[in-house]
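K.L.:
Okay, here's what each chain looks like letter by letter:
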Amino acid sequence: MKILIIEDEPDLLIGIKDFLEKERYVCETASNFNDADQKLAVYHYDVALIDITLPGGSGLKLIEHLKRHTTDTGIIIISARNSLDDKLTGLDLGADDYITKPFHLSELNARVKAVLRRRKFDGATSVIFQEIEMFPDQGTVKVRDKNLELTKKEFELLLFFISNKNRLLTRESIAEHLWGDNIDLADNFYFIYTHINNLRKKIVKNRGNDYIKNVYGIGYKFTDE
Amino acid sequence: MKLLSRLTNRYLSLSLVVMVFSGTIIYFSLSVIINRQLDERLNENLQSVNKQLTLVPETTFFDPVAHVEKTKENIEETIFSDTLIFNEREHEFEDYRQISSTQHIAGDYYHIVLRISKIESEDLLATLALVTIAGMLLLWLILFLVTRRIAKSLWQPFFTNLKQIEQFSVITQNEVQLEETGIFEFDQLNESVRKLTRKITSDFQNQKQFSEDVSHELQTPLAIISSRLESLLENPGLEEHADSLNSIYTSVRRLSKLNNAMIMLRKIENNQFASEERTNLKEVLKEKLEEFSELIRLKELQLETQLTDNMMVAISKSLIEILINNLISNSINHTEQGGKIKIDLSGRKLSICNTGKEQIPDPAKLFNRFYKGDPVSQTAGLGLAIVKKICDLHSLDIHYEFYNNLHCFVITRQK
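Protein sequences appear in the order of chains B and W. All letters in the first sequence, in the order written, are residues -16 to 208 by this note's numbering. All letters in the second sequence, in the order written, are residues 170 to 584 by this note's numbering.
Hints listed in this document are in silico derivations from the structure and should not be mistaken for laboratory results. Incorrect hints may have been included.
As the list claims (entries may be wrong) - If you want the footprint, here are the derived chain B segments under chain W, 3+ residues with CB under 8 angstroms: (1) -6 to 5; (2) 78 to 86; (3) 149 to 157; (4) 174 to 183; (5) 199 to 207.
On a predicted model such as this, the values are computed, not experimentally measured, just so you know. All residues carry an ideal CB built from backbone N, CA and C; glycine is no exception.
Could you put together the complete structure from these sequences and hints?
P.N.:
The following block contains the structure:
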């Protein structure tokens, strides 16, 4: 899978690139409008991450150009502006998703995977991790081929874990993934703790393994290592 | 007191004084003139009596108009005076002007007193006074009405401009549209107001631009710090620094959240959510309660809802979602485990209540930025400030109540 990362802030660009390369994506980068425009015209990418504010032009223009000759590239807008207008315009132009700075790399990763799932397999695919199989479109989970009943948030949590398997998920990134970044909950960590405990119990009860590991007070890791 | 009525009152009292003063002067000068005329007539009459007595010494004269008697000597000089004579028929005293004089006629001395009734001249004086007062009153009334009318049209542009100034708001950025009055003082005032509002607006804009720029400039470094920290945290072998890294990470995330909330406040202030949309509060409330239902269950809270009516508000859906999010998460945050959340929607009123033991010590501060009921809370303290801002800008009233151990936030749509 090939991803083009268009971002003018070098530090952030490297951070995103490193993270996604560990997920075994082939990553290319562009840090200004012209570079990005040329690369998008010449090569084919599975996903393009596009920053809206770029030296040399607007990221929204890039989406227009891209949509003119290819339609199967997934597009995720990255914006520092947190602006509703940009979001709506971007989605109107055909972007698949929208993420606002500052974001968690794990969140970006989950979004990239979701876009790929929708684009490449029309969503008709399952996400498999060992004995666990998730069907994001139907919202169902099977453990050892037996249905597992999960609440909505538990399902989102498990999908987030599997999308970021073997990686550290901080409690903050989990909270924002589950409840959005506009909700200021005082008991965040307690809620996450309870959700994770319930999820664990349900999986183990269905004869699955407990893959959720605590990582020294910072967060959790979903791993079979 | 209005300037106009104060002015009128001054006019009124001043003209009253002038009227009394000039009335008195007129009265006295007129009486002096009348007396002088009467005296002249009395003098003429005295000459006639003199003549008559010279011709016919024994002429009879009638009291009280003329009284003549012989005397031995010259008693007195000619004296004019006022006197009162009792009128038998009318049973009252009447005013007379009299001359008394001793005349030497044909060898004899006569003491002659002649009188003229002043009733006629007094009537004249009274009529004159009446006419004068009536004229003055009329003049005063006309003056009063004319001044009022003129003042009204003169002050009209002032009041129009005042209305404009009242409607001025730094947020809307509209310059005040002041009417030219053609009156020097008013135009001077207009000029000053224009300068002042321009200055306020530009200061406010600069201030706002600055804080917006700061927020936006902060976003990228914050994003870099937290993404770099996240990759760092993945490295094995950093266990001994876990605590420090964790606390750095938590603080950076708090900073990001705070910054996001500040940007949100600014966006609401800038009306960037403006839309023609009408949103059904009940629908949003249902959606949000569905989303929060797991949290409410996890905290073992009882949820009691009574969503009777649809309530339509002219606010974009995304803004209403923020409003409801903040209010419900605030309730969840501040309810003890096992407590109760009660939500009522009926008519134009939405109340979101949660159980709690004590009243908040300083409810007036509740909607202030960075106010925290619980000082150690990890939340930014901007949630309710955002709620208040949304309400203020969209004709919604919000207030806090405490009764029956319930903390309530009540939102009412203004008519």
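K.L.:
Report the numbers of all earlier hints that the structure fails to satisfy, in ascending order.
P.N.:
none
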